[in-house]
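Chains as they are written, first to last, in my numbering: chain A, 15 to 127; chain B, 8 to 122.
Since no wrong hints were added, every one of them can be taken at face value.
Result set (DSS-like, lysine-lysine): computed pairs, CA atoms no more than 30 angstroms apart in a straight line:
no., chain 1, residue 1, chain 2, residue 2
1, B, 62, A, 56
2, B, 62, B, 85
3, B, 77, A, 71
4, A, 56, B, 77
5, A, 71, A, 56
6, A, 97, A, 56
7, B, 80, A, 71
8, A, 56, B, 85
9, A, 71, A, 97
10, A, 71, A, 92
11, A, 92, A, 56
12, B, 62, B, 80
13, B, 80, A, 56
14, B, 77, B, 62
Calculated directly from the structure, the hints in this document are not laboratory data.
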Amino acid sequence: EPEVTQTPSHQVTQMGQEVILRCVPISNHLYFYWYRQILGQKVEFLVSFYNNEISEKSEIFDDQFSVERPDGSNFTLKIRSTKLEDSAMYFCASNAEVNTEAFFGQGTRLTVV
Amino acid sequence: AQTVTQSQPEMSVQEAETVTLSCTYDTSESDYYLFWYKQPPSRQMILVIRQEAYKQQNATENRFSVNFQKAAKSFSLKISDSQLGDAAMYFCAYRSFQGAQKLVFGQGTRLTINP
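Modelling step: build the complete structure from the supplied sequences, incorporating the hints.
And the structure:
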């Protein structure tokens, strides 16, 4: 069964460092998302991406964040200068068409120290 | 903006019994989707069941069913014959029918299954 794949599963980084979280969505999917879940809290939307551009972003997705689909298969989330409060589980998701089910990756746990 | 509220932070049930998880939401839209996602200890988000707001019939998936009350903006999940593998966080989520495809999640309910 096709699945969304995220790497790495866990990343530890020092405050102020740049991190790139990687996702490989399901191959025929067209809509891509990043969500964040701070430990013990709800899942929050960060950004959606369609047709090679951001279609919507939340207040959380400030200038420190960027997304890219560099090669038609990977979908990346970059955090330019990490803060302690960026520590969270980051989920990538994708869906094939409008109003179809979103499939989630297994998440990347980001720990900023 | 849409909001989703899950008022039960934790629930527990005896194995083989039935449990209902509550969810309410707020929206001014008439067409939308509602979902229940399961998040086991592995942290992966797994779709349990989905309901289209324009359908009057409540969705069912094997032991999982929903009670969708559109006027009351209520969307509860019933798990019948609870199994140990059902233990997880359960999140209710909303998605607009038009435009934005993002999911808006509730705070989650942690379900414990007692053997």
